[in-house]
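Asks: Taken in sequence, the protein lines are chains F and H.
Position 434 of the first sequence, counting from 1, maps to 433 under numbering that gives the first Met the number 0, and the rest follow consecutively.
Position 48 of the second sequence, counting from 1, maps to 47 under numbering that gives the first Met the number 0, and the rest follow consecutively.
Incorrect hints may appear among the rest.
[Claimed, not checked] Using C-beta positions, here's what the derived DEER-type ranges look like:
| # | chain 1 | residue 1 | chain 2 | residue 2 | range |
| --- | --- | --- | --- | --- | --- |
| 1 | F | 313 | H | 112 | 19 to 25 Å |
| 2 | F | 478 | H | 115 | 32 to 38 Å |
| 3 | H | 12 | F | 437 | 34 to 40 Å |
| 4 | H | 115 | F | 341 | 22 to 28 Å |
| 5 | H | 11 | F | 271 | 57 to 63 Å |
| 6 | F | 385 | H | 115 | 47 to 53 Å |
[What the hints assert, rightly or not] Chain F residues, not near chain H, derived (Cβ > 12 Å throughout):
| # | residue |
| --- | --- |
| 7 | 95 |
| 8 | 240 |
| 9 | 245 |
| 10 | 317 |
| 11 | 484 |
| 12 | 493 |
I should point out that these hints are in silico values taken from the structure, not numbers from a laboratory.
This structure is a prediction, so every number in the text was calculated from the model and none was measured.
In this text, a Cβ means the ideal position worked out from N, Cα and C, and glycines have one as well.
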Amino acid sequence: MKSPPGSTLLEENAELHARLEEAEEMLRAIRGGEVDALVVESAAGPQVYALQGLDAATNRFRGEILAQVSDAVVAVDSEERIIYLNAAAERLYGLTASGALGQRLSKIHMSRWLHPEDEGAATTALRERGEWRGENVHIRHDGREMNVESGVTVLRDTAGQPTGMLAVIRDVTERKEHEDKVLVSEIRYRRLFETAHDGVLLLDPGTRKIIDANPFMTQLLGYPHNQLVGKELFEIGLLKDEAASQEMVRTLQRTKQVRYENLPLESQTGRHQEVEVVANLYDENGRYVIQCNIRDITERKRSEEHVKLLMAEVNHRAKNLLAVVQAVANLTLKYGDPATFAARLSDRIDGLAAGQDLLVKNQWQGVETADLVDAQLAHFKDLIGTRVLIQGPRARLTMAAAQGIGMALHELATNAAKYGALSNLQGQVRIAWRIIAATKPAFSISWLEDGGPKVGTPTRKGFGQIVIGRMAEAAVEGSTEIIFREKGLSWTLSAPVENVLASAILGI
Amino acid sequence: MSPRATAMLDKRHPRVLVIEDEPVLAFAIEDLLIEAGFDVVGVATRLETALAIVKRDVFDAAILDANLAGVSAGPVASALAARGLPFLVLSGYLPEQQDSAFSGALRLQKPCRPDRLVLALRSILPVGVML
Chain F
0 MKSPPGSTLL
10 EENAELHARL
20 EEAEEMLRAI
30 RGGEVDALVV
40 ESAAGPQVYA
50 LQGLDAATNR
60 FRGEILAQVS
70 DAVVAVDSEE
80 RIIYLNAAAE
90 RLYGLTASGA
100 LGQRLSKIHM
110 SRWLHPEDEG
120 AATTALRERG
130 EWRGENVHIR
140 HDGREMNVES
150 GVTVLRDTAG
160 QPTGMLAVIR
170 DVTERKEHED
180 KVLVSEIRYR
190 RLFETAHDGV
200 LLLDPGTRKI
210 IDANPFMTQL
220 LGYPHNQLVG
230 KELFEIGLLK
240 DEAASQEMVR
250 TLQRTKQVRY
260 ENLPLESQTG
270 RHQEVEVVAN
280 LYDENGRYVI
290 QCNIRDITER
300 KRSEEHVKLL
310 MAEVNHRAKN
320 LLAVVQAVAN
330 LTLKYGDPAT
340 FAARLSDRID
350 GLAAGQDLLV
360 KNQWQGVETA
370 DLVDAQLAHF
380 KDLIGTRVLI
390 QGPRARLTMA
400 AAQGIGMALH
410 ELATNAAKYG
420 ALSNLQGQVR
430 IAWRIIAATK
440 PAFSISWLED
450 GGPKVGTPTR
460 KGFGQIVIGR
470 MAEAAVEGST
480 EIIFREKGLS
490 WTLSAPVENV
500 LASAILGI
Chain H
0 MSPRATAMLD
10 KRHPRVLVIE
20 DEPVLAFAIE
30 DLLIEAGFDV
40 VGVATRLETA
50 LAIVKRDVFD
60 AAILDANLAG
70 VSAGPVASAL
80 AARGLPFLVL
90 SGYLPEQQDS
100 AFSGALRLQK
110 PCRPDRLVLA
120 LRSILPVGVM
130 L
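Use the sequences and the hints to build the structure in full.
Replies: Dropping the structure here:
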């Protein structure tokens with residue numbers, strides 16, 4: 000739109016002002032019962048509606064003015080038939096005065112009340128005081144809903160009898176929506192503030208004092224809200240001293256954000272916590288405010304420590320395993336045939352790996368004997384139940400026992416497959432373990448071969464024999480019995496239960 | 000008579016206690032030491048056994064695994080120190096992760112080369128106990 004030159008604008012402004020003043024006066028006069036009739040400008044020409052007995056010229060003048068008012072004005076008679084509506088009302092309700100005049104008010108809009116009690120309150124106010132102001136919803140004939148703010152005055156005749164009502168109506172839908180948005184936003188962010196699991200402090204950058212604190216902050220420090228407000232950060236132990244507080248504000252003014260990690264915080268109850276503080280300087284609609292987010296990182300620190308510990312443990316176990324592999328390699332070479340060294344070593348590493356899997360599966364808390372036997376005899380699982388018979392109660396082995404017995408079983412199985420009961424088509428192996436109840440309970444596990452090729456006593460002691468003998472004994476501080484029977488090898492390991500079992504599960 | 004004095008008087012093999020919970024390593028160390036001319040007085044795989052042997056037996060030095068079945072071997076180190084017996088600590092843990100009872104002792108990291116282990120053990124033997 001092209002703007003008029005300065006002088007014209009001033010003139011228009013002055014005219015508008017005068018008209019508004021007149022309109023105000025007019026409305027006041029109508030409310031005061033000084034108006035007797037209204038003149039309505041319509042397509043058919045001006046029409047005069049008499050309210051009271053004033054001369055037509057005055058009313059016509061007033062009617063014209065009323066037509067200029069930006070708020071909608073609607074007048075009804077005592078039957079609620081429309082006797083007047085201005086141009087703003089035509090626009091508001093989407094109809095023309097000529098179509099609406101004489102119609103019932105309910106034809107141009109229906110009302111819906113924001114609260115059920117509002118309608119009764121309005122009726123009472125009109126009856127008792129002759130006027131009502133308030134908000135409700137008008138539903139137009141096309142279904143559109145508007146939030147409106149109305150001022151309704153009862154019109155009376157000279158005798159003081161009610162003759163109708165005059166309403167000035169303003170569409171406040173937009174304002175209402177805006178207010179709703181602000182309210183929703185306020186609720187949403189207030190809730191964030193209230194329920195955050197981080198402490199939030201708001202500070203005045205000028206005084207460096209706390210102006211607000213969320214409930215979590217209260218919880219974190221053990222100070223009630225009213226004791227936090229008005230204090231400086233150093234007074235609640237967050238910063239060392241006043242100089243540190245001043246330094247923080249100075250830094251904030253320069254960088255807008257400050258971050259402190261691992262501040263040791265002591266609550267009023269003396270509980271030590273590690274906190275992380277992030278302070279931001281914000282412009283809050285022209286006013287600066289410092290927001291501090293305080294996060295309790297005690298748990299995080301603990302979990303970091305735990306990870307460190309686990310890493311050390313992994314390191315320890317990995318190196319331990321390397322040491323075991325190194326020892327197995329040295330012993331395999333020393334006690335075995337150099338020609339089969341590579342094959343034997345790989346085979347033993349397989350056995351170690353199977354044992355390792357079991358320990359990890361059981362979180363290093365020990366291994367069930369049955370699981371250990373299954374793992375070490377995995378190559379022969381098709382024979383289990385026919386040529387390999389396994390029998391024994393539940394018995395949870397310690398890590399050391401599982402390692403020692405596992406290696407022995409691995410050696411026994413390898414040997415049986417090469418030279419013993421599992422090297423032909425009919426031989427049998429019976430693996431059994433039991434807990435012998437006595438004053439000193441003992442655990443015993445045996446490996447008994449039958450039906451293999453004829454067995455002779457070996458001429459030299461190989462690594463396998465060391466594993467099933469001395470090494471198995473050392474693992475459980477027990478004793479072994481190895482008999483090279485002609486019909487098959489017999490191996491038994493016995494030890495006090497406390498050296499073998501992870502927990503005192505005695506019996507079945 | 001203290002074990003140290005006994006050792007100094009005798010001209011026999013230095014006597015060593017092996018404390019190691021891993022059976023393969025325990026055997027490998029024992030085997031290695033015997034071959035190197037030591038006399039292995041015992042192999043303990045558990046803390047209680049180790050403590051009992053340290054209290055009871057006569058030997059010149061010990062090889063101590065820092066961790067026995069998930070438990071620190073610190074008490075064994077203290078018992079050895081109380082008897083004035085030299086020991087070396089063998090561990091997969093880094094020195095800073097270890098029990099303070101081991102401070103002052105010679106430490107070797109696992110895995111350790113067999114010849115280095117033998118050399119280290121010789122270096123801690125009391126004067127007069129030599130191969």
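Asks: Of all the hints numbered above, which does this structure not satisfy? Sort the numbers upward.
Replies: Of the numbered hints given earlier, the structure breaks just one, which is hint 10.
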